[in-house]
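Please put together the full structure from these sequences, using the hints given.
Going down the list, the protein sequences come from chains G and Y.
The numbers in the first sequence follow the working numbering, run straight up by one, and end at 634.
The numbers in the second sequence follow the working numbering, run straight up by one, and end at 634.
If you're looking for bench data, these hints aren't it; they were derived computationally from the structure.
Mixed in with the good hints, there may be bad ones.
Where chains are identical, the list cannot tell them apart; a pair therefore holds if satisfied intra-copy or between any two copies.
Dumping the calculated DSSO-like pairs for lysine-lysine here, alpha-carbon to alpha-carbon at most 30 Å [stated by the list, open to error]:
| id | residue 1 | residue 2 |
| --- | --- | --- |
| 1 | K377 | K357 |
| 2 | K445 | K481 |
| 3 | K445 | K357 |
| 4 | K445 | K536 |
| 5 | K536 | K377 |
| 6 | K536 | K481 |
| 7 | K377 | K445 |
| 8 | K481 | K357 |
| 9 | K536 | K357 |
| 10 | K481 | K377 |
Since we're looking at a predicted model, the values are computed, not measured.
Chain by chain, the residues run as shown.
Number of protein chains: 2
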Amino acid sequence: MIAQSFFAPVQRELQEVEALLHCQANDAHPDLCAALDHLLSSGGKRIRPTLGLLCGRMLGAPHDKIIILAAAVELLHTATLVHDDLIDGALLRRGIPTLNAQWSPPATVLTGDFLFARAAKLAAETDHLALMKLFADTLATIVNGELTQLFQARGLVSRENYYQRIYAKTASLMEMTARAAAMISPVDEAIVETMRQFGYELGMAFQMVDDILDFTGEQAEVGKPVGSDLLQGLITLPTLYYIETHPDDPDLNILLEGEYSAEPQHMERLVQSVRASQAIDQALSEARQSIERALACLANMPAGAEHQALQALANYIVDRHF
Amino acid sequence: MIAQSFFAPVQRELQEVEALLHCQANDAHPDLCAALDHLLSSGGKRIRPTLGLLCGRMLGAPHDKIIILAAAVELLHTATLVHDDLIDGALLRRGIPTLNAQWSPPATVLTGDFLFARAAKLAAETDHLALMKLFADTLATIVNGELTQLFQARGLVSRENYYQRIYAKTASLMEMTARAAAMISPVDEAIVETMRQFGYELGMAFQMVDDILDFTGEQAEVGKPVGSDLLQGLITLPTLYYIETHPDDPDLNILLEGEYSAEPQHMERLVQSVRASQAIDQALSEARQSIERALACLANMPAGAEHQALQALANYIVDRHF
Chain G
313 MIAQSFFAPV QRELQEVEAL LHCQANDAHP DLCAALDHLL SSGGKRIRPT
363 LGLLCGRMLG APHDKIIILA AAVELLHTAT LVHDDLIDGA LLRRGIPTLN
413 AQWSPPATVL TGDFLFARAA KLAAETDHLA LMKLFADTLA TIVNGELTQL
463 FQARGLVSRE NYYQRIYAKT ASLMEMTARA AAMISPVDEA IVETMRQFGY
513 ELGMAFQMVD DILDFTGEQA EVGKPVGSDL LQGLITLPTL YYIETHPDDP
563 DLNILLEGEY SAEPQHMERL VQSVRASQAI DQALSEARQS IERALACLAN
613 MPAGAEHQAL QALANYIVDR HF
Chain Y
313 MIAQSFFAPV QRELQEVEAL LHCQANDAHP DLCAALDHLL SSGGKRIRPT
363 LGLLCGRMLG APHDKIIILA AAVELLHTAT LVHDDLIDGA LLRRGIPTLN
413 AQWSPPATVL TGDFLFARAA KLAAETDHLA LMKLFADTLA TIVNGELTQL
463 FQARGLVSRE NYYQRIYAKT ASLMEMTARA AAMISPVDEA IVETMRQFGY
513 ELGMAFQMVD DILDFTGEQA EVGKPVGSDL LQGLITLPTL YYIETHPDDP
563 DLNILLEGEY SAEPQHMERL VQSVRASQAI DQALSEARQS IERALACLAN
613 MPAGAEHQAL QALANYIVDR HF
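This is the structure in structure tokens:
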């Protein structure tokens, strides 16, 4: 990975966050310690802590609190990934074996629980009650989103459902991160709300782009077959655009009737149709609009290296891999 | 179950707790709502919320906060049971089907996570930062205890290990409950510490008695085969006493060499030997000593119906089923 410029203003802070993350299981069972080290070394880019650190520094938050907040956010994210991988039966994440590929399901469930507990403890250490409640609410939103997706029939064509899903899955945590960074800063409510919106738009764009990359990425890069969501009957933004412009494609019927798993060759052809259509560009254009709104939120924020880095981060989210 | 007198002073508060518990999934997916109702209707005695309510009322805690605390404690307990039953593959709890007997493992994992999130949210609503940290720490203690037990070889003969295990499993949450009730009350640090100790002793005795009932209870009552811990190679207090007084029992070798699952007939004979020995009375006597220490903690606490009910609760813990 090429080092991105937006990490630069918080290079040292990121090292402090890393140290704080790695010591979270120091007083626990040695195998749990080892599991945490494995999880933290699994190549996450630390986009979320970087977002929190940049927002906090831009707005003048106390140093100690932004470090703790950034660590809490990354740990919460890590905990949800541990349970996600278990639920999906995923054996690799970013090319590295998942915890459940090496551990029993019981140990994996409990490791996720332990990380939730430590994330909550870190959040409490910011000494900010409203932040604690926001943190707990965000976890509930994420988990409720996953449960809803689990219970929902596949082949559901609904923009509203799509936006709710990506909010729960990705945007809620980035929204919380930017908002919480403002909450621990000496700024007024209007700034907190603007930063919340900044994080929201960033997060929505982030997941839209992930969903586009699922179609356009190379299998080796994404680590999953091209169009893996659609192959599993999950309709994301590119497919929504495709359906709007090609309502008569006969392969769509297979999808909408929930027969996607029985007719994989139809679904593979549909993936190729979406890839070859305007739907990819349309989806990308929608993600870019989110990023434009995010950049507008930054307009009146304090100038400086952190402000510039947040702009770079926003642009990176929509430009990566294109 | 015969209604116990110690519920009387907090009858109305328990109804408020119940209402607060049942509305925790109101804004979530309907299936999650139904799952929560099922879990809450599964016949728990509400010992933990009762403990919190009695302590809080005795010490003059604000009404709203003790209700919230009691609900948070019960929800945290419920969340850990959901993941426990999944891990153990238990299909019944208190004679009622567990969540994992009816739901897929993914849905069960996520339901537990959702309950953790809501418990944390409730804890935050007490508006007490130290309580939040204590809450998160207690969850970490419980989960670390489960992980340690998972990783540990069976047939381990160690009192220290036993006490650590029952602290993590049961006493930590009761300790937290009594301590937190004091923290939200207008009392000084010394009282908080005494109430912490009260909850600790109560919790240690509670689990010791549970471990004794595993030997002495009828299968129908306990819902598991008599001596189920020992049949699985898990050494609890009665077995520890038995080993000290019968070091030469040849059936013990099977256990200590970890061959318990290969030689079930030896383990069944060992269960009968423990049942017939003095070990049961010795273990019970140790639990009674814990309860004596708990009662001593109450000595200088405000008199009244709650004080008496806490004494009754302490006595009930060690006298149930004997």
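The hints, checked one at a time:
1. Taking CA atoms no more than 30 Å apart as the test, K377 paired with K357 passes inside one copy only; the shortest distance there is 21 Å, against 41 Å between copies.
2. For the identical chains of this complex, K445 and K481 are neighbours both inside a copy (19 Å) and across copies (26 Å), given an alpha-carbon limit of 30 Å.
3. For the homomeric pair K445 and K357, the shortest alpha-carbon distances inside one copy (27 Å) and between copies (28 Å) are both at most 30 Å.
4. In the homo-oligomer, the alpha carbons of K445 and K536 never lie at most 30 Å apart, since the shortest distance is 36 Å inside one protomer and 39 Å across protomers.
5. For the identical chains of this complex, K536 and K377 are neighbours neither inside a copy (37 Å) nor across copies (49 Å), given an alpha-carbon limit of 30 Å.
6. For the homomeric pair K536 and K481, the shortest alpha-carbon distance inside one copy (18 Å) is at most 30 Å, but the shortest distance between copies (40 Å) is not.
7. For the identical chains of this complex, K377 and K445 are neighbours both inside a copy (16 Å) and across copies (15 Å), given an alpha-carbon limit of 30 Å.
8. Taking CA atoms no more than 30 Å apart as the test, K481 paired with K357 passes inside one copy only; the shortest distance there is 17 Å, against 36 Å between copies.
9. In the homo-oligomer, the alpha carbons of K536 and K357 lie at most 30 Å apart inside one protomer (19 Å), although the nearest pairing across protomers, at 48 Å, exceeds that limit.
10. In the homo-oligomer, the alpha carbons of K481 and K377 lie at most 30 Å apart inside one protomer (25 Å), although the nearest pairing across protomers, at 32 Å, exceeds that limit.
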